[in-house]
Amino acid sequence: MLKKRIIVCLDVKDGRTTKGVKFQNNIDIGDPVEMAKKYYEQGVDELVFYDIMASARGRGPILDLISRVAEQVFIPFCVGGGIGTIEDIRSTILAGAEKISLNSQAVKNPDLIRDGARIFGNQCIVLGMDAAKDAEMPSGYRVYINGGRVKTDLDALEWAKKAVSLGAGEIVLNSIDADGVRQGYELTVTKMIAENVSVPVIASGGGGTPQHLADVLTEGKADAALIASMVHSMGYTVDGIKRDLDKIGVPVRL
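Start counting the sequence shown at 1; every next residue gets the next number (full-length UniProt numbering).
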């Protein structure tokens, strides 16, 4: 049986790790380089680094900070935020990232997914998708961009399918409704997308207990669970969460 992955997310604003609730009221919680090193030593499977203001401010990735994080971790490292051109993808990979997350920029220019996958390989291109409940949408969920601040006309399920057809090798699905609330992942949308695409789906938004991860990795059909608050401020460690998951029968790398 394939092992489920535990991924820690570092949301970065102005060079510092930050955390908010439903994409708002972000507070400074530390240095991303030091935090990346700590989670690597705890046994995290992958690390995701999002520059949450880059697209909104119209600038590219912070390559110096990315390279300093990459020097501390020897696991897959995904970077998102402000990556809007093939040259941005190339420079981010050269700075040390193994994967590139395209979110707002992919919505604005879907060809970036296709061209990025063709040049760097599908395994390098991750679709980052921020979705929220919306009864007007066929799937019941709408896609948002620019850090959850701007609504689009895209249906979450249709966009996921289209992105995979263009070459995305993975999807990070972030529920805006559940983000930072710590009440559990949004199982409905996660399962719906996981069952309808042929690539791994990473659940993001809402993790507050190891049971929440177990639920989304089994019932929600996610291939991986992304966590932030649990390890940033709730006293959990990555290895402790993995041991708890192992005890209840969820296959993880110990």
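Hints are computed from structural coordinates only; laboratory data are not their basis. Beta carbons are placed, not taken as given, at the ideal position from N, Cα and C, and that holds for glycine. It cannot be assumed that every hint is accurate.
Stated by the list, open to error - Cβ pair distances, simulated, as ranges:
#1 V181 x K221: 16 to 24 Å
#2 P200 x L94: 21 to 29 Å
#3 D153 x E219: 27 to 35 Å
#4 R149 x T209: 36 to 44 Å
#5 R243 x L2: 17 to 25 Å
Item to complete: Check the following: the C-beta atoms of R243 and L2 are separated by a distance inside 17 to 25 Å.
Response: With Cβ atoms ~19 Å apart, the hint holds.
Worksheet item: At the C-beta level, are V181 and K221 separated by a distance inside 16 to 24 Å?
Response: Between V181 and K221, where Cβ atoms are some 21 Å apart, the hint holds.
Discussion item. Please check whether R149 and T209 have a Cβ separation lying inside 36 to 44 Å.
Written reply: 29 Å, violated
Discussion item. Please check whether P200 and L94 have a Cβ separation lying inside 21 to 29 Å.
Written reply: Holds - the Cβ-Cβ distance for P200 and L94, about 25 Å, lies within 21 to 29 Å.
Discussion item. Is 27 to 35 Å respected by the C-beta to C-beta distance linking D153 and E219?
Written reply: The hint (27 to 35 Å, Cβ to Cβ) holds, given that D153 and E219 are roughly 30 Å apart.
The structure fails to meet hint 4 from the earlier list, while all remaining hints are met.
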